[in-house]
Amino acid sequence: MSNIDLTLQIWRQKNSDALGKLETYTLDKISTDMSFLEMLDVLNEKLTMEGIEPVAFDHDCREGICGMCGAVINGVAHGPEKETTLCQLHMRHFKTGDVLVIEPFRSRAFPIKKDLVVDRSAFDKIIQAGGYVSVNTGGTPDGNAIPISSHIAELAMDAAACIGCGACVASCPNGAAMLFTSAKISQLCLLPQGHAERKKRALSMVETMDKEGFGNCTNLRECEAVCPKSISIRNIARLNREFVRAAFSEG
Amino acid sequence: MWLLRFSTSSIGKKILMASSGLLLILFLVAHAAGNAAIFFGSNAFQTYADTLHSLPVVVFVFGVGLFAVLIVHIFIGIQLFLQNRKETASRYAVSTKVCENTLASSTMPYTGLLLLLFLLVHVFGFGVNPTDTKVSVLVVNLLGNFFYGLFYLFSFCVLAVHLSHGFWSMLQTFGFNHPRYNDGIMKITYIVPGFFLVFFGAITLYFMTGLGANY
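Quick note, the sequences are listed as chains A and B, same order.
Residues in the first sequence are numbered from 1143 upward in steps of one, following the working numbering.
Residues in the second sequence are numbered from 7 upward in steps of one, following the working numbering.
Among the clues, some could well be false.
In silico PhoX-like pairs for lysine-lysine, Cα to Cα no more than 25 Å straight-line [claimed, not checked]: (1) K1353/A <-> K92/B; (2) K1267/A <-> K1342/A; (3) K1255/A <-> K92/B; (4) K1256/A <-> K1163/A; (5) K1163/A <-> K1267/A; (6) K1163/A <-> K140/B; (7) K1342/A <-> K1256/A; (8) K92/B <-> K1237/A; (9) K1156/A <-> K1171/A; (10) K1188/A <-> K1267/A; (11) K1255/A <-> K1267/A; (12) K103/B <-> K1156/A; (13) K1353/A <-> K1341/A; (14) K1353/A <-> K1342/A; (15) K1224/A <-> K1341/A; (16) K1371/A <-> K103/B; (17) K1224/A <-> K92/B; (18) K92/B <-> K1267/A; (19) K1256/A <-> K193/B; (20) K1163/A <-> K1255/A; (21) K193/B <-> K1163/A; (22) K1255/A <-> K1237/A.
A partial selection of chain B residues facing chain A, derived with a Cβ cut-off under 7 Å [to be verified]: (23) S15; (24) N41; (25) A43; (26) F87; (27) L88; (28) N90; (29) E93; (30) V146; (31) S175; (32) Q178.
Derived contacts from chain B toward chain A, CB cut-off under 8 Å, selection only [said to hold, decoys possible]: (33) W8; (34) Q89; (35) S112; (36) T179.
Source of the hints: derived by calculation from the structure; they are not laboratory data.
The beta carbon of each residue, even a glycine, is placed where N, CA and C say it ideally should be.
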């Protein structure tokens, strides 16, 4: 176990309307076994002792599965480790003397609430627009009553791995939410249970995505590169197909 | 109306961008096929040009169609550029690109603009022809000029850069993305712009170097 000394530049912003700016803090003797969020906890304890308002940041499970945490570290969403959420990023990936610039996930559709906390309810609106999946009521269905090939189940599972953290939007130069929306649409359109509302879902989720102020996808692949769950842009290709099919045949 | 809703949605605009791009690539293929006559001598080239212009209906229909496709490609391109620029305007203090090969993809609006400039020069050079010079002579005169030829070579490089993102991006937008074919698609994405660069570049160099002075 070793310790490192860091300089942090963190975005501080009182509320959605206030002007924010980067503040510099120094933090000594940080254990390399800490996670990034634990390092921020240490910083906040120090700031509280000094009578300074602690840094607000979102977090929940700290196991990399809930999608609550996330910040942009030196220009990369969730930091330099691939396929890793911010909470699972450990301080052993940094060294003494490093300057870390920590900024919130920025996008027109994600207004900043405070410091590193952003309002990602635009994602919820997209999910809500997806509506429901029709299932039969009645007795408990037999296991495997609906045949699903393992290949399709795997693809749906890969899409379902999306935790909705918003790193794709934060890293997209256009602020597009295509990777998120495509993962959610793929998950449901691949499985037979989601087929009944397939077209309606594609149309309304894309419509909501546009309305919420997300940008246009220009296939820059930045989203795929930072996604902590390595959601592939193959899902975006699938979304494009779903949308075109629905637009030309639904209603 | 569903078609209006489709073409104003973000994915609809992508599809229109990709479809018009595909038609423009097909036009380039046809253009290259016609220009191949140059390598069979000035008579062959002049015969090709005369035959084409003896069919004014065909020229008119294809001309109008091509113009419409071009307008769609440019108009939606500008619209996307302006919409996306609202987001891009330096939002992070430090911004790092994780993904490689983004030179072509991040400069699409600018390479597109350069290509429009080239198109205007090209159309005014060869299309508008007040002196009634034969096109087989005109091509020697224009491309024989060193700086004119250099501008053409530069523009073909720009075209290659534009297509090296555009072609793959078009297929992705149409929904072609499958692990089995992705390697092949990546290869074609470099072969197609490479072909146009070599072919059109060869014609330009043919006249620039004086090799084609008496073709």
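These are the hints, each one checked on the structure:
1. K1353/A <-> K92/B: holds, 15 Å
2. K1267/A <-> K1342/A: holds, 15 Å
3. K1255/A <-> K92/B: holds, 20 Å
4. K1256/A <-> K1163/A: holds, 12 Å
5. K1163/A <-> K1267/A: This hinted pair is violated, its Cα atoms lying about 29 Å apart.
6. K1163/A <-> K140/B: violated, 66 Å
7. K1342/A <-> K1256/A: violated, 36 Å
8. K92/B <-> K1237/A: violated, 36 Å
9. K1156/A <-> K1171/A: violated, 28 Å
10. K1188/A <-> K1267/A: violated, 38 Å
11. K1255/A <-> K1267/A: holds, 18 Å
12. K103/B <-> K1156/A: violated, 29 Å
13. K1353/A <-> K1341/A: holds, 18 Å
14. K1353/A <-> K1342/A: holds, 16 Å
15. K1224/A <-> K1341/A: Given pair K1224/A, K1341/A is violated - Cα atoms ~34 Å apart, limit 25 Å.
16. K1371/A <-> K103/B: The given pair, whose Cα atoms are some 18 Å apart, holds under the 25 Å limit.
17. K1224/A <-> K92/B: violated, 28 Å
18. K92/B <-> K1267/A: Between K92/B and K1267/A the Cα gap is close to 22 Å, so the pair holds against 25 Å.
19. K1256/A <-> K193/B: violated, 47 Å
20. K1163/A <-> K1255/A: holds, 14 Å
21. K193/B <-> K1163/A: violated, 45 Å
22. K1255/A <-> K1237/A: With Cα atoms ~31 Å apart, K1255/A and K1237/A exceed 25 Å; violated.
23. S15: holds, 6 Å
24. N41: Since chain A brings no Cβ nearer than about 30 Å to N41/B, farther than 7 Å, the hint is violated.
25. A43: violated, 36 Å
26. F87: violated, 9 Å
27. L88: violated, 10 Å
28. N90: Holds, about 4 Å.
29. E93: holds, 4 Å
30. V146: Since chain A brings no Cβ nearer than about 41 Å to V146/B, farther than 7 Å, the hint is violated.
31. S175: holds, 4 Å
32. Q178: holds, 5 Å
33. W8: holds, 6 Å
34. Q89: Holds. Min distance 6 Å.
35. S112: holds, 7 Å
36. T179: holds, 6 Å
Hint compliance for this structure: hints 5, 6, 7, 8, 9, 10, 12, 15, 17, 19, 21, 22, 24, 25, 26, 27 and 30 are broken, all remaining hints hold.
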